[in-house]
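Asks: Starting from the structure of chain D, add chain P where the hints point.
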Amino acid sequence: MTALDTLHPARPTLWGRLSGGHAVPVLTVLLAVLALWYAAAVWMNAPQIRDEAARNNVELSTAELVGRAYAMERPVLPAPHQIASELWRTTVAMAPTSKRSLVYHAWVTVSATLAGFAIGAVLGVVLAVGIVHSRVLDRSLMPWIIASQTIPILAIAPMIVVVLGNIGFTGVLPKAVISAYLSFFPITIGMVKGLRSPDPIQRELLHTYNATESQAFFKLRWPASVSFLFPSFKVAIALSLVGAIVGELPTGAAAGIGARLLSGSYYGQTVQIWSALFMAAFLAMLAIALVALAERAVALGRGGRL
Amino acid sequence: MTVMPFQRPGEKNGQAPGTAPVVIEARDLGLVYQTPDAPVTALEGVNLTVRRGDFVSLIGPSGCGKTTLLRIVADLVQATSGSIAINGMTPQEARRKRAYGYVFQAPALYPWRNVVRNVMLPLEIMGVPAEERRQRAERALKVVGLEQFQKKFPWQLSGGMQQRVSIARSLSFDPDLLLMDEPFGALDEITRDNLNVHLSRLWAETDKTVIFVTHSIPEAVFLSSRIVVMSPRPGRILEVIDCDLPRQRALDLRETPEFLDIAHRVRVALRKGHSYEEEGH
Chain D
40 MTALDTLHPA RPTLWGRLSG GHAVPVLTVL LAVLALWYAA AVWMNAPQIR
90 DEAARNNVEL STAELVGRAY AMERPVLPAP HQIASELWRT TVAMAPTSKR
140 SLVYHAWVTV SATLAGFAIG AVLGVVLAVG IVHSRVLDRS LMPWIIASQT
190 IPILAIAPMI VVVLGNIGFT GVLPKAVISA YLSFFPITIG MVKGLRSPDP
240 IQRELLHTYN ATESQAFFKL RWPASVSFLF PSFKVAIALS LVGAIVGELP
290 TGAAAGIGAR LLSGSYYGQT VQIWSALFMA AFLAMLAIAL VALAERAVAL
340 GRGGRL
Chain P
112 MTVMPFQRPG EKNGQAPGTA PVVIEARDLG LVYQTPDAPV TALEGVNLTV
162 RRGDFVSLIG PSGCGKTTLL RIVADLVQAT SGSIAINGMT PQEARRKRAY
212 GYVFQAPALY PWRNVVRNVM LPLEIMGVPA EERRQRAERA LKVVGLEQFQ
262 KKFPWQLSGG MQQRVSIARS LSFDPDLLLM DEPFGALDEI TRDNLNVHLS
312 RLWAETDKTV IFVTHSIPEA VFLSSRIVVM SPRPGRILEV IDCDLPRQRA
362 LDLRETPEFL DIAHRVRVAL RKGHSYEEEG H
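The listed protein sequences derive, respectively, from chains D and P. All residue numbers for the first sequence refer to the numbering used here, where the first residue is 40 and numbers rise by one. All residue numbers for the second sequence refer to the numbering used here, where the first residue is 112 and numbers rise by one.
Chain P extracted, bound-state conformation:
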């Protein structure tokens, strides 16, 4: 158990735990795709409450609906049953108010723009004046450690650096909610560890709420304050595991008994949801 005093997410200035404002409230959320063969239930009966300052990981095997849930929050796809509110608004209203930043698995940068102009893209669309755009873009690049690479073009950067630019772009307009869909999935493990530390530090230093889709158990446990374990056929939430590791995290945390204990609980939950069994059992 932890010895040092630490701050739980959302706990500021003596605020009691679990009372931070609710950012996302999903009740009995469901999504059924109509396909030519038979309807596919991507999500069923999802109940989830995310409070401000949470780092929530959605983990599960392919087809468990984790990306679908994220996309519903982002208003990239609409649920067919149940309700969901983001800051008290529908997903569409939240998207119109630019309440979140979305990071895809691929960097999705514009090859005809250099790094700083790529980061300025959302600010241009939101009509931020030029000088302020540049300052905010430079600040965002500094957060991810790429302020030296402003004038470079995407094809001159490595995969990990491109993904960091993509994260900087989602931070440039300073949204309170970050939605990340397996952002480090296409990178090698060493780069991934590095970026996990960057992201964890970013979360610890700000009060942002993050929803993070992953299929890596160590990554989920390392980054999160809450881990949502999902399972497929139909996509549903199996268990929500609270992860009360300290907010400031270093890589050697991954060898501590507390970490391994939580990772074990995640694995047990995945096994209970038949995630480790083959199809047909």
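Okay, chain D solo, but in the shape it has when bound:
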């Protein structure tokens, strides 16, 4: 065995192939996390169980303690199987039109996320084009854009919801505005970098062809910036989801993942909170996967590389 063999192990056995790829490491970590979770669930739920048992003057063995820890109605830390069954109950086992269905709530949040992302993307691109082409805009806008992101979103969100509600805009729009507010920033920054990425030699070449400013933009700057756009999109769509959820928190919205989180915390339904969290995480993964798919499609049109 030389050093090179450790870099490229040639192992045609089933175990060899599984352990050489992603499956085995991911599963190992997953099992470790689950084991720790079950242990933590017992540890965190134990005080409540012991108190209740003491009030009823019942002696509990360790096995009974563990059994009760995994079956509480309002646990401090739900067990994974409780979360899984709640997820199943509110997604697959329930009609999506029901107001209790997690799919319905997810859809409310996703619609605001996508709307906010679209607004943020357009705003981000327009700002970036302006900043790159005008020195005045560059000097005047950039500090404001950066400052806008330093204000905590939890402080601004209620204001936006209330103000827009007074004008008569309720529902998706206030949440979309909050999402756009969070998502335009990475897109602006990424796009500015992308539009400025071509070498001087490229710009000189266009100068020798006597190309106009707009020809230089559409033929050089815009295509060059696309490879900077997609990483920004991934960050932006995740932030947009956060914005949509935050927009549902302050004024007690009736529907959406944020609303589920809120009502779960009001009524002490920790399992509901956790299942909403898992759904939010799943939505974020889905959103980023969508952007990655779009990135693949564009790359194929460019010969396989972005």
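Derived by calculation from the structure, the hints in this document are not laboratory data. Among the clues, some could well be false.
Below, in silico cross-link-like pairs of lysine-lysine (DSS-like), each with a Cα-Cα straight-line distance of 30 Å or less [claimed, not checked]:
| hint | chain 1 | residue 1 | chain 2 | residue 2 |
| --- | --- | --- | --- | --- |
| 1 | P | Lys383 | D | Lys258 |
| 2 | P | Lys262 | D | Lys258 |
| 3 | P | Lys253 | D | Lys258 |
| 4 | D | Lys232 | P | Lys263 |
| 5 | D | Lys258 | D | Lys273 |
| 6 | P | Lys208 | P | Lys319 |
Replies: Then chain P, alone, in the frame of chain D:
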């Protein structure tokens, strides 16, 4: 001395030598850069006449102003003194009329476009209709021998092939003047020899005027009809050597006594301009 009859550049149909129309006329051209430390004289007192069909090499060590002179012709930088006319126009007017094709040292291709679309870029900018664009691009690729690689992307090609695509791109709109800034400088010697033969054949078969910046003496002698030897500090022309080798050239020309004689003269001129001495002498 040559035995076979040959055509001097610009000599067509019995035209007398040295009377081809003047393409570039530079008189007392100078360029001084203002830097924070002290002004730098990149070029001083440059007088040069380039006629149609000439292949002019600008050769000299770093800092002799050869690239600067080329860039002044291309209107990428403006001279601070003297005058220069290209086809009777200022460099800016010539650039606006797209009178020349410029080839950089790096291929500078667009990675998001395939080869044929890269070659079509100047034609798109000039507003040539789509079908004609494609035909001219394919023709240009055929000249450099890459018509099989139309659909490939730049990252799939070797350095030499990318540079050939860059040359095809500068030929696609058929300019009469080619400005080339050390186009083969980043390539290995074998590829370089190959491309020298391609370029020489291209020049022999058309009536194009070429200004070629290089720091390789064999390359300059092999390709040119006139060699302009320059020296630095300040950048100026030392000598212009006429190179009357036959217009059709093959690589084994480089071992003939005529070739070695001209190369020797170039080396002598460079030495006279202190190009071989170290700084401070």
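Asks: Could you run down the list of hints and mark each one as holding or not?
Replies: Status of each hint after checking the structure:
1. P:Lys383 - D:Lys258: Judged against 30 Å, a Cα distance of about 48 Å means the pair is violated.
2. P:Lys262 - D:Lys258: Distance ~19 Å between P:Lys262 and D:Lys258 Cα, so the pair holds.
3. P:Lys253 - D:Lys258: holds (25 Å)
4. D:Lys232 - P:Lys263: holds (28 Å)
5. D:Lys258 - D:Lys273: holds (25 Å)
6. P:Lys208 - P:Lys319: OK: P:Lys208 and P:Lys319 at ~17 Å, within 30 Å.
Hint 1 from the list above is the single one not met by this structure.
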